[in-house]
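Mind assembling these two chains? They're in different frames, but the hints should get you there.
Residue numbers (the working numbering), protein chains in the order written: chain A, 37 to 374; chain B, 47 to 334.
I should point out that these hints are in silico values taken from the structure, not numbers from a laboratory.
Hints should not be assumed to be uniformly reliable.
[To be verified] Calculated lysine-lysine pairs in the BS3-like style (CA-CA distance at most 30 Å, straight line):
#1 B:K127 to A:K149
#2 A:K42 to B:K135
#3 B:K135 to A:K45
#4 B:K127 to B:K80
#5 A:K169 to B:K167
#6 B:K135 to A:K149
#7 A:K149 to B:K167
[To be verified] Some chain B residues judged to face chain A by a derived CB distance under 8 Å, without partners named:
#8 G102
#9 P132
#10 M145
#11 I146
#12 F153
#13 N156
#14 L157
#15 Q159
#16 F162
#17 I230
#18 P231
#19 F263
#20 V274
#21 M281
#22 I320
#23 I323
Ideal placement from N, C-alpha and C gives every residue a C-beta, glycine not left out.
Next come the chains, spelled out residue by residue.
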Amino acid sequence: MGLTMKMKKELLLLLAIYTVLCLMPLAVHGNLYLMNILITCLIWAVVAASWDLIMGFAGIFTFGQVAFFVIGAFGSAILTRTIGISPWFGILFGGMLAGVMGLLVGLPCLRLKGAYVALVTFAVHMILEPFLKSSVGRTIGTGGSPGIMSIPPLSLGQYEFSSMNLIPPYYTAVVLSMISLLIIYKIINSTWGLAFIALRDSEVFANSLGVDDFKYKLLVFGISAFLAGAVGAFYAHYVGMLSSRILGLDLFLILMVMLVVGGMGRFPGAVIGSFITISVSELLRPLENYRLVIFGVIVIFLVLFLPQGVTGLLFPVKGKSPLTRLGEYFRSRWRTQH
Amino acid sequence: MLRELLDVLISGITIGSVYAMMAIGMALIYGVTKVFNFAYGSFYTMGGYLAFVFFGFNLGYLPVLALVVPALFLAGMGTEKFIVRPLRKHDNWEMAAVMITLGLALFLDNLYQVIFGSYVKSLPSLFTGNLNIGTVVFSVQDVAIFIVAISIMFLFMIFLGRTRTGMAVEAVAQDTVGAEIVGIPKDMVFGFVFGVSAVLVGMGGILLAPKYYVSPFGGWNILVKAWVITALGGMGSIRGSLYAAFILGIVEAFVGWQFGYTWTLFAWFAVLLITLIIRPQGLLGTWG
Chain A
37 MGLTMKMKKE LLLLLAIYTV LCLMPLAVHG NLYLMNILIT CLIWAVVAAS
87 WDLIMGFAGI FTFGQVAFFV IGAFGSAILT RTIGISPWFG ILFGGMLAGV
137 MGLLVGLPCL RLKGAYVALV TFAVHMILEP FLKSSVGRTI GTGGSPGIMS
187 IPPLSLGQYE FSSMNLIPPY YTAVVLSMIS LLIIYKIINS TWGLAFIALR
237 DSEVFANSLG VDDFKYKLLV FGISAFLAGA VGAFYAHYVG MLSSRILGLD
287 LFLILMVMLV VGGMGRFPGA VIGSFITISV SELLRPLENY RLVIFGVIVI
337 FLVLFLPQGV TGLLFPVKGK SPLTRLGEYF RSRWRTQH
Chain B
47 MLRELLDVLI SGITIGSVYA MMAIGMALIY GVTKVFNFAY GSFYTMGGYL
97 AFVFFGFNLG YLPVLALVVP ALFLAGMGTE KFIVRPLRKH DNWEMAAVMI
147 TLGLALFLDN LYQVIFGSYV KSLPSLFTGN LNIGTVVFSV QDVAIFIVAI
197 SIMFLFMIFL GRTRTGMAVE AVAQDTVGAE IVGIPKDMVF GFVFGVSAVL
247 VGMGGILLAP KYYVSPFGGW NILVKAWVIT ALGGMGSIRG SLYAAFILGI
297 VEAFVGWQFG YTWTLFAWFA VLLITLIIRP QGLLGTWG
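Pulled out of the complex, with its shape left as it was, chain B reads as follows (with noise of 0.2 Å):
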């Protein structure tokens, strides 16, 4: 029983790391931008078919890495250039915004279906085998997830702390009018915001690959899953996902094995209508 526990706890961490990525990603669109990214999910995707693809060329992880990373960054900055900076001009840009992803999220989706079909598509795992620490068995891929996860985070942590691009971004997140009249390119940090967060949660899609496989559509379930999250933890709030990332992680993990997964969405929703019942603007967020 306790070592059915342990398990069910680690798996809620390991996939809660993962969702802490991709929540991130979310997060730090909402706070910056003040977009509501419907393509996220769509970006979620790409990641994977993009490795998919790559992974055709009979290329290893770190390759494949090289070249999916960079196509997401600019497949995310181009969004925001392309379709959402025009749309700041008008009077009610939120809402066109939300319009506007909507309209990318099904031309995309429905672009990876008629390229690759309605099948799900895997990618090779990372690592096979099993980890023993005394009595408690680790599936070694589980830990490389974690672990890479984790590092992303960590790396993009200290990035937005310590670096002056990282600096700028908090600039514009905590007074776009005022970091403008000091002279940060406000543009150019929407952009390369968009193009972080892709890289985010394309990344959660190749490391989620192995275990949920990749398919037209899946981008959704992630989309309302991180949404959540960023829910849960405030909108805009990135320690604030962190949290509720792992939070839902184990929750969800718990559910899964008690009830069964197709109880999870019920279960985070029953958890953000309590917390939102008692916290309407989520576990650390502001209104504003």
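The shape of chain A in the complex, shown without the other chains (with noise of 0.2 Å):
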């Protein structure tokens, strides 16, 4: 199947977007800070693009992605921890914890529709703080309240991570994410990717053509679900410390904003959202309790008056203007009647 011209253009934004991640180290190394941001940012845009996945292009609609992140998080704290397997594997085995919760929470919801979908993953959400710092949480050696306090970092050989050069990190982190976007730009453009659209415009019609949803769609909350839990698990390993804090409403949130920003359905907007969130939240640090006013106010004006985000304003989508849909209407009538 050869590239079409949408195909080409995300592939060259993608790598556009990824030349300047490579060089970005030659300007910044050395300002810790920055280094720190953009390791944040990268790790952020995987998960919203993995939620962008499942939402945006599946059609499904899910809240759990910030608990399946956090799944994957502490179980690979908990294995490095307690087993003592390299962080490496740490990061698969967290993402394939993950990607198993994600098919557990997939069966339950193909049965049901839209909101309840909704209701149900987000029901994973809000359970897993109790149960993080409940006594069953800490018999497995999630720590409770205080969380994990001292997490390995990842190592090359017999050089460790430490937070005193990010140049390493940011790698991983590039490399990681590249990989984890190829997965999802893969997904999307396959025969997986019209079957969603196929679904998505009209589900009886492309199940009266043998396009089987149950596959498709499980299929795809395992693999989201084992996205966000591995780069959850390279977060853990990264940070060093981890605390059911993270469920709090302020992530899940942001996450929502990166997808509005970028655009859902979009790709990559996820990733334009993730560095533009996360940048303007950076700035915004100084007004403490207002940065948050304005972000949801920059929500709403998104939605009302830029529905595809950044990304529908660099790639307008031909032919999808009312007007020129409204055109075709009259001239296919116009082509019957003569």
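This is the structure in structure tokens:
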């Protein structure tokens, strides 16, 4: 299958972003603050993009992405601390744990519709915090309310990553996020992607043509949870400590803002959204509590006036404007009449 | 033992009545406008804070309610008119409506925090003292909460079934296009429904304030609870929400009594999940 114009554009944009990202340390390698922000952006970009894969492309209304991120993070942290496996395997296992959880959550969800799916996935998010703090959680090793304080960092050979030199974790984040984004790119541009579009546009008709929505949707549940979990595990080893406070609503809402800013269902909008949102958030930091008030206003205005997000501004969808569609409609009528 | 059980049951029914009132508001919005309102919890908090502000002028309960109820109604109607209605012309507007109400919740809750600070605020109690009937002791406040919540719901049901406006709301819920064809102003009904639901949940905020206080982000818990109740009852079914609220209110009271209130949501989700496995559309819901 050859690359279509849309795919070429997406791939070129991704390539451009990553070229800039690879060169970034040349300019800011001495500045730990900026390096840390860049790594944070990359981490949230993957979570937002995996969320966009399931919500924006597959059209499944889920709110469990932060929960899968946290499951991956805690899974890897606990495994590396108790069994002593390498954090690199921890990332893989964290992702797999989250992926399995994603499949388990996906199973009941696929019997449900719309707001119910959102509720069940949000329920996973809501009950994760009391679970991590409970005595059951403490026995597994979640550390209860204070959380886990010392998580082994990633290492290459004898060299251990530390917060003094952020170049190695930065390039790890670049590579990990690039792999994740390529997986997502591959999925949305494969037959799966076509199946999703067909299911979104007319579920009954797509089913009658033999598109099995159950299989595709369940797999996308698993894959998006895997990606969120794997990057969650990387986050755990990068930051070095974890607590259930990460499940607070701030992060959840900020991720939502990223999707809205980047444009839902517009690859690689989530990445652009992540960088813009984190940058704006850092710039607005002096405003303290007003920051989130302003974010709320930004979301409202974006949804009202820029529903396709920044990506929609960069690449407007052709033939999608209401006027064009109206024209097509009348032309087709004209043709049937003559 | 039996006395204790009775107390728990009574407290379950009391809290259930307030939950019912708030869940009906949510079922109403979802059933009529098909919008999932994520800012619903923020209107709950709004009720509490508005009452707090007006109590600051040394007003009694009745004048405060006379000021808060219209304010909540206007806030709800404004939400529909200015931020939800413009979205309807888009293709994927349901998702956009969720996003925009999430944005509104983010805005409102953080605004409350900026204005009132993170500490909880309390409202004066409605009544104090206890009522003894035989050997059973009722707190007068609980009885008052129950009576107020039940009467508001009763009034609302009469309004829905007996008045022209109420029937217009039902007509739009059943068939939006059909209602529009026979000349029912759809947009006005949508705005009205948002206003009424804001009043219902905001009143809940005032009724529960003496028990749970008012805090900037307290609405999220209520949003999730109202959501679970409407999902259990069948999204959009008002009667279903009514039953579900009392069932879950009693579940909450018993779980709180036996295991502690942190396990409430676990128990609720368990009840919901079991019900959804048997009936994916909820107790009285229909797909569509």
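Structure-based check of all given hints:
1. B:K127 to A:K149: Measuring from Cα to Cα gives roughly 27 Å; hence the hint holds.
2. A:K42 to B:K135: holds, 26 Å
3. B:K135 to A:K45: holds, 29 Å
4. B:K127 to B:K80: Roughly 15 Å separates the two Cα atoms, so the pair holds.
5. A:K169 to B:K167: Holds, because 27 Å separates the two Cα atoms, which is no more than 30 Å.
6. B:K135 to A:K149: holds, 22 Å
7. A:K149 to B:K167: violated, 38 Å
8. G102: Violated: closest Cβ of chain A sits about 22 Å from G102 of chain B, beyond 8 Å.
9. P132: Cβ of P132 of chain B sits 6 Å from chain A, so the hint holds.
10. M145: Holds, because the Cβ-Cβ distance from M145 of chain B to chain A comes to roughly 5 Å (cut-off 8 Å).
11. I146: OK, holds: I146 of chain B within 8 Å of chain A, min 4 Å.
12. F153: Hint holds; F153 of chain B Cβ to chain A Cβ min 3 Å, cut 8 Å.
13. N156: It holds, given that the least Cβ distance between N156 of chain B and chain A is near 4 Å, below 8 Å.
14. L157: holds, 5 Å
15. Q159: holds, 6 Å
16. F162: violated, 11 Å
17. I230: violated, 25 Å
18. P231: Given a least distance of 23 Å, the restraint on P231 of chain B is violated.
19. F263: This hint holds: F263 of chain B lies near chain A, its Cβ roughly 7 Å from the closest one there, short of 8 Å.
20. V274: It holds, given that the least Cβ distance between V274 of chain B and chain A is near 7 Å, below 8 Å.
21. M281: holds, 6 Å
22. I320: Given a least distance of 11 Å, the restraint on I320 of chain B is violated.
23. I323: This hint holds: I323 of chain B lies near chain A, its Cβ roughly 7 Å from the closest one there, short of 8 Å.
In summary, the structure is inconsistent with hints 7, 8, 16, 17, 18, 22 from the numbered list given earlier, while agreeing with the others.
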